[in-house]
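Given only the sequences and the hints, what does the whole structure look like? Please build it.
2 protein chains.
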Amino acid sequence: MTSASPEGAIGVFDSGIGGLTVVRELMNLLPDEDIIYLGDTARVPYGIRSKETVRRYAVENTSFLLKQEIKMIVVACNTVSAVGIDAVKEVAPVSVVGVLEPGARAAVKATVNKRVGVIGTEATISSSAYQRAIKAIDSTVDVRTKACPLFVPLVEEGWLDGKVVEAIAGRYLEELRESGIDTLVLGCTHYPLLKGTISKVMGDGVRLIDSAVETAKVVKEQLEMEGKLRKHGNLSGRRIYFVTDSPDRFKRIGTWFLGQEIEEIEKVEIGDYRG
Amino acid sequence: MTSASPEGAIGVFDSGIGGLTVVRELMNLLPDEDIIYLGDTARVPYGIRSKETVRRYAVENTSFLLKQEIKMIVVACNTVSAVGIDAVKEVAPVSVVGVLEPGARAAVKATVNKRVGVIGTEATISSSAYQRAIKAIDSTVDVRTKACPLFVPLVEEGWLDGKVVEAIAGRYLEELRESGIDTLVLGCTHYPLLKGTISKVMGDGVRLIDSAVETAKVVKEQLEMEGKLRKHGNLSGRRIYFVTDSPDRFKRIGTWFLGQEIEEIEKVEIGDYRG
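Quick note, the sequences are listed as chains A and B, same order. One point on numbering: in the numbering used here, the residue at position 179 of the first sequence is 179, and numbering is uninterrupted. One point on numbering: in the numbering used here, the residue at position 225 of the second sequence is 500, and numbering is uninterrupted.
Treat the hints as calculated values from the structure; they're not laboratory data. Backbone N, C-alpha and C define an ideal beta-carbon position, used for all residues, glycine too. The hints are all genuine.
Here are the simulated BS3-like cross-link-like pairs (lysine-lysine), alpha carbons at most 27 Å apart as the crow flies:
#, chain 1, residue 1, chain 2, residue 2
1, B, 526, A, 146
2, A, 163, B, 475
3, B, 526, A, 51
4, A, 163, B, 470
5, B, 326, A, 267
6, B, 542, A, 51
7, B, 421, A, 251
8, A, 163, B, 421
9, A, 146, B, 438
10, A, 109, A, 200
11, A, 220, A, 67
12, A, 135, A, 114
13, B, 470, B, 492
14, B, 438, A, 200
15, B, 495, B, 364
16, A, 267, A, 251
17, B, 492, B, 342
18, B, 526, B, 470
19, A, 195, B, 438
20, A, 163, B, 438
21, A, 67, A, 267
22, A, 195, A, 114
23, B, 326, A, 251
24, B, 384, B, 470
25, A, 200, A, 163
Residues of chain A clear of chain B, computed beta-carbon distances all greater than 10 Å:
#, residue
26, 2
27, 3
28, 7
29, 31
30, 32
31, 66
32, 89
33, 140
34, 202
35, 207
36, 218
37, 228
38, 266
If you want it as structure tokens, here you go:
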């Protein structure tokens, strides 16, 4: 039951908690909007799974959101944006915005020396989706990538800075730092929480692109274009969270991502929605 | 289709790759035996999930193994052994051996000063299952525990030693080291691959208990007792691996765990077996 009016909610899904960094930016930029979030916490993480499995999960999540009154779907997961956004678009009768394109576009705009780095999960990096997206905008940009599989568990453990975290980041980012990039795309929704450490390791000369920030901007543009932007001005959007595993861990860790408490939350089963 | 004769296979399941450390010890101790392994790689890791979800997954995995010709089930996953082994036993008409009891028993036997440490995933540690198991054997043993959530992704990333790994282990193990334990249970099937680092951090005075080694001993005893031990003597047991996601990553990383190549492997769907 999708919605063609501005009164519908923005449906957002992610493999788990990470997408909350996108929700945070959506709330900042579009405080009037209702947001319905689905975190597939029973099957997180997607970043280590095969393309086929990620696509199946993405379609199942989309089917769940389409049963709510939504006017748009935001794929707040880089892995799905990289390997499965076409599958989501195929089944969704509303606009679909991923986190990859906005990040790629911002990186091309930001780079001066035309050397861009991208970091993300195994699945995102091995898909080469960022490379393709950046090259499609400007084929002269040199793109260097690196998978950083430990960053997600690090963030979920709450280890965001300090010597150990810097040592881990240093090991992952060494090559990128030496390659002379001037722009680095944080190609995973967890990574904004490591911004401080990543910035310290990369140095002042490297500009970090936060996909969550860029995605929120694109969502606003798209809603405006479709005439679906809410203009109440009372800043009272409602946020409802659905998860596929127990809400406890999501609530606890999610608070760091969101920067505020998670109130309305419910556990749902989505395994039946076979794509 | 279970088997009452020695010709049946040993059915082993785990959330993913970790249980291969148990398979490795089973192959060492019982080279004649056929082993059928199920790694639920589409839903790994279990260690961050709720008890209810872990139990449902465990029953689904058990149902899959029970369709093979098996004479025993080994739950090669500490999380399931901690929170769901009763659910497995309820549905299985064959003996069920977990990895928790053998480790607990070995720790009580090994400790001299009656101070035992246990490390594992969030789910295993928060269940207090090791504490209960150790106290049930000897109530005078003082048990200290610590969840080390980064150890699993560290191992799967192939970071087994070196300064960064030691720093991470040092941060997790500091309190346990200072608590004066003389025995430490590696309460997660991934941890034996970090033995060198953990041992270095803990020092020579602390004995490490490898649940995989202890579990293999208990499997042998149990099969002997039931008259189901194979005695071919030709050391030619067959090993078949099933996974629920693409076999590529499992084959690649599994080789480190197993110490040899994984040959017979097949992807299966198990989501339909709702417990």
